[in-house]
Amino acid sequence: MSHVVVLGAGLGGTIMAYELRDRLGSQHRISVVNKGHHYHFVPSNPWVAVGWREREQVEIDLEPVFRRRDIALYPQGAKRLDPEAKSIELLDGSFITYDYLVIATGPELAFDEIPGFGPEAETQSVCFIEHALSAKAAFDRLVANPGPVVIGAVQGASCFGPAYEFAFILDKALRQAKVRDRVPMTFITPEPYIGHLGLDGVGDTRGLLESALREHHIKWITNARVDKVEAGNVYVSEFADDGTPRQSHQVPFVFSMMIPAFRGVEAVRGIEGLTNPRGFILADKYQRNPSFPDIFSVGVCVAIPPLGKTPVPVGVPKTGFMIESMVTATAQNVASLIEGKEPSAVPTWNAVCLADFGDSGVAFVAQPQIPPRNVNWSASGRWVHGAKVGFEKYYLHKMRSGHSEPFYETLALRALGIDKLRQVTQDA
765 MSHVVVLGAG LGGTIMAYEL RDRLGSQHRI SVVNKGHHYH FVPSNPWVAV GWREREQVEI
825 DLEPVFRRRD IALYPQGAKR LDPEAKSIEL LDGSFITYDY LVIATGPELA FDEIPGFGPE
885 AETQSVCFIE HALSAKAAFD RLVANPGPVV IGAVQGASCF GPAYEFAFIL DKALRQAKVR
945 DRVPMTFITP EPYIGHLGLD GVGDTRGLLE SALREHHIKW ITNARVDKVE AGNVYVSEFA
1005 DDGTPRQSHQ VPFVFSMMIP AFRGVEAVRG IEGLTNPRGF ILADKYQRNP SFPDIFSVGV
1065 CVAIPPLGKT PVPVGVPKTG FMIESMVTAT AQNVASLIEG KEPSAVPTWN AVCLADFGDS
1125 GVAFVAQPQI PPRNVNWSAS GRWVHGAKVG FEKYYLHKMR SGHSEPFYET LALRALGIDK
1185 LRQVTQDA
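In this text, residue positions in the sequence shown follow our numbering: the first is 765, and each later residue adds one.
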């Protein structure tokens, strides 16, 4: 019997555990190490931050689900991984050993890299549920005392969709509160152009998002580096396309939400051969670490180099369906190793995204997510908002059921021609 440990129980880690159980059957042990025993549907956090969702609506207690699926949960959290000993020290001083490890920790948020930045300082976040709840309190204060708003992302960020979503969701919430006319809004981003998304755009995301920002009276600054944040002001350096300084800005705000840069979590950061300098997990095309062949990784923790040089550093996002393709490949490859075979499953890294704008939105399909692509499509409309609400309900149901991909999802994806795996071949 083999013991497979999943480190992290976010989007990637939870479905990883489910899919491993489906793939390996009952004869092998599966354990999950996580800080706490709750799963939160992170894409709903922008709605939480304006009061459109309550915490309990987007939170799942994993203990009964894991118990039903015979998955052991260690809610103490990880202190440090020792890949040589194939062991993880937990925060309570205990240890857990593994035969195979899947790292799915998500990121650590690098708020400390900019003075005055983050929920413990002057700006809000929607990255964690606790941050979204704090942002809701700040939103209530904004409605009571309207003033300038700054939304966006900082240098090194790789998750731009929630920044755009929150800008438009906040716009709608302020209109509903009838104070939008007293709230000038500015969108600040390191992207070289609006709609770049860390992906050099998908379809006409540039045109769609620029048009939407104009329509909603939101100004923007691109190629922007946030130098510091003080109470009531964001200090920004704007660069030209050739990388030379163009202009300095002092942008006032009474409410600000900006996405931070990410780095690997402390439990794995700095392990030679395992991580890059930012602490992200190095992985080959099979999601397997080259130095430690019993370690795989999925999700935001995976090291993916930027698409190209930009005036201000911009990272590559790891989107939901892209992560699911990593999960499916990893489950198959771990099963192959247990059976004495070599890994052969390669994820497609296809992306299917719905960005909600409160009453409309933008959708895009990128196959694969990293260009050049076979499919490069985007569209906008009110239907996107309804689709995002439906997806939230479906995904939470899926997490509560303990299954990573019900049969009807498989049939739907197949009908749409959206695959999680590249053609599977056995290496000679």
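Treat the hints as calculated values from the structure; they're not laboratory data. Check before you lean on any hint, since a few could be wrong.
[Stated by the list, open to error] Listed next, the in silico SDA-like pairs over lysine to any residue satisfying Cα-Cα at most 25 Å (straight line):
| # | residue 1 | residue 2 |
| --- | --- | --- |
| 1 | K992 | T1008 |
| 2 | K1049 | H767 |
| 3 | K936 | H1149 |
| 4 | K983 | P1016 |
| 5 | K850 | R1027 |
| 6 | K1049 | I1035 |
| 7 | K850 | S766 |
| 8 | K936 | G1154 |
| 9 | K992 | K1152 |
| 10 | K936 | G971 |
| 11 | K1049 | V1080 |
| 12 | K799 | E974 |
| 13 | K1157 | R1146 |
| 14 | K1049 | D1183 |
| 15 | K799 | H895 |
| 16 | K850 | E820 |
| 17 | K992 | R1137 |
| 18 | K1049 | R1137 |
| 19 | K936 | V806 |
| 20 | K983 | T1074 |
| 21 | K983 | E1002 |
| 22 | K1157 | R1137 |
| 23 | K1152 | F1085 |
| 24 | K1073 | R970 |
| 25 | K843 | S766 |
[Claimed, not checked] Just the calculated beta-carbon pair ranges, DEER-fashion:
| # | residue 1 | residue 2 | range |
| --- | --- | --- | --- |
| 26 | G996 | E1036 | 18 to 26 Å |
| 27 | G1034 | G996 | 22 to 30 Å |
| 28 | D904 | S1012 | 31 to 39 Å |
Cβ coordinates follow ideal geometry from the N, Cα and C atoms, glycine included.
Evaluation of the provided hints:
Taking the CA atoms of K992 and T1008, the gap is about 19 Å. The hint holds against a cut of 25 Å. A distance of roughly 23 Å separates the Cα atoms of K1049 and H767; the hinted pair therefore holds under the 25 Å criterion. Simply put, K936 and H1149 have alpha-carbon atoms about 12 Å apart, close enough for the 25 Å limit, and the pair holds. Between the alpha carbons of K983 and P1016 the distance comes to roughly 13 Å, so the proposed pair stays at or under 25 Å and holds.
At roughly 23 Å between alpha-carbon atoms, K850 and R1027 fall within 25 Å of each other, so this suggested pair holds. For a cut-off of 25 Å, the pair hint linking K1049 to I1035 stands: about 20 Å separates their Cα positions. Distance restraint check for K850 and S766: the Cα-Cα separation of roughly 13 Å lies within the 25 Å cut-off, and the hinted pair is therefore satisfied. Proximity of K936 to G1154 is assessed by CA-CA distance (about 19 Å); at most 25 Å being required, the pair is judged to hold.
A threshold of 25 Å between alpha carbons decides the hint, and for K992 with K1152 the separation of about 34 Å lies outside it, so the pair is violated. With a C-alpha separation of about 21 Å, the suggested pair K936 and G971 falls inside the 25 Å cut-off, and the hint holds. Taking the CA atoms of K1049 and V1080, the gap is near 17 Å; set against the 25 Å cutoff, the hint holds. A distance of roughly 39 Å separates the Cα atoms of K799 and E974; the hinted pair therefore is violated under the 25 Å criterion.
Our distance criterion of 25 Å between C-alpha atoms is met by K1157 and R1146, whose separation comes to about 18 Å. Distance hint between K1049 and D1183 is fulfilled; the C-alpha atoms sit about 16 Å from each other, no more than 25 Å. For the hint pairing K799 with H895, the CA-to-CA distance comes to about 16 Å; that is within 25 Å, so the pair holds. Between the alpha carbons of K850 and E820 the distance comes to roughly 36 Å, so the proposed pair goes past 25 Å and is violated.
A distance of roughly 37 Å separates the Cα atoms of K992 and R1137; the hinted pair therefore is violated under the 25 Å criterion. Straight-line distance between C-alpha atoms of K1049 and R1137 comes to about 17 Å, which keeps the hinted pair within the 25 Å bound. A threshold of 25 Å between alpha carbons decides the hint, and for K936 with V806 the separation of about 20 Å falls inside it, so the pair holds. Between K983 and T1074 the alpha-carbon distance is near 21 Å, which keeps this suggested pair within the 25 Å criterion.
Straight-line distance between C-alpha atoms of K983 and E1002 comes to about 14 Å, which keeps the hinted pair within the 25 Å bound. Distance restraint check for K1157 and R1137: the Cα-Cα separation of roughly 30 Å exceeds the 25 Å cut-off, and the hinted pair is therefore not satisfied. Distance restraint check for K1152 and F1085: the Cα-Cα separation of roughly 14 Å lies within the 25 Å cut-off, and the hinted pair is therefore satisfied. For the suggested pair K1073 and R970, the alpha carbons sit about 19 Å apart, so the restraint of at most 25 Å is met.
Distance hint between K843 and S766 is fulfilled; the C-alpha atoms sit about 23 Å from each other, no more than 25 Å. Taking 18 to 26 Å as the suggested C-beta distance range, the pair G996 and E1036 does not conform, at roughly 44 Å. For the hinted restraint 22 to 30 Å between G1034 and G996, the CB-CB distance of approximately 37 Å leaves it violated. A C-beta distance of roughly 32 Å is found between D904 and S1012, which places it inside the suggested range of 31 to 39 Å.
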